[in-house]
Amino acid sequence: MVHYQPVDRTFGALADPTRRVVLERLGRGSATISELAEPSGMTLTGMKKHVRVLEEAQLVVTVKVGRTRLCHLGPRRLDDVREWVDIYRQMVNEQLDRFGELLDRTKGEPH
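Per my numbering, the very first residue in the sequence shown carries number 5; after that it's consecutive.
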């Protein structure tokens, strides 16, 4: 059974291109908020907001080290999203199968 609240949070977090770039960057290793903000020229406040959304979706974990916050990919796997995609894929495939059967039955009939 898909739990929609975590799925909604995850899709919401992934909907923003800046947050997807952050995840790609963290896939190469941990980074501070400043390091994440620098390439885009974003303010630290703006990047903190993006990181907070990723944390709430459990895609990123931050650890305070001295006066800086170090970010890394969270341990949460995308199982809820994968389960939702699998269910959706199954529904689409079943509809396509039914459509194919309908086309087969109507072959050769006048339009």
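Just to be clear, a hint being listed does not mean it is correct.
Pairwise CB distance ranges (calculated) [to be verified]:
#1 G70 <-> P21: 25 to 35 Å
#2 R109 <-> G78: 46 to 56 Å
#3 E59 <-> K111: 31 to 41 Å
#4 P79 <-> T36: 16 to 26 Å
#5 M46 <-> G78: 16 to 26 Å
What the hints contain is simulated information worked out from the structure, not anything from laboratory work. Positions of the beta carbon are idealized from the N, C-alpha and C atoms, including for glycine.
The hints, checked one at a time:
no.	hint	verdict
1	G70 <-> P21: 25 to 35 Å	holds (31 Å)
2	R109 <-> G78: 46 to 56 Å	holds (50 Å)
3	E59 <-> K111: 31 to 41 Å	violated (55 Å)
4	P79 <-> T36: 16 to 26 Å	holds (20 Å)
5	M46 <-> G78: 16 to 26 Å	holds (21 Å)
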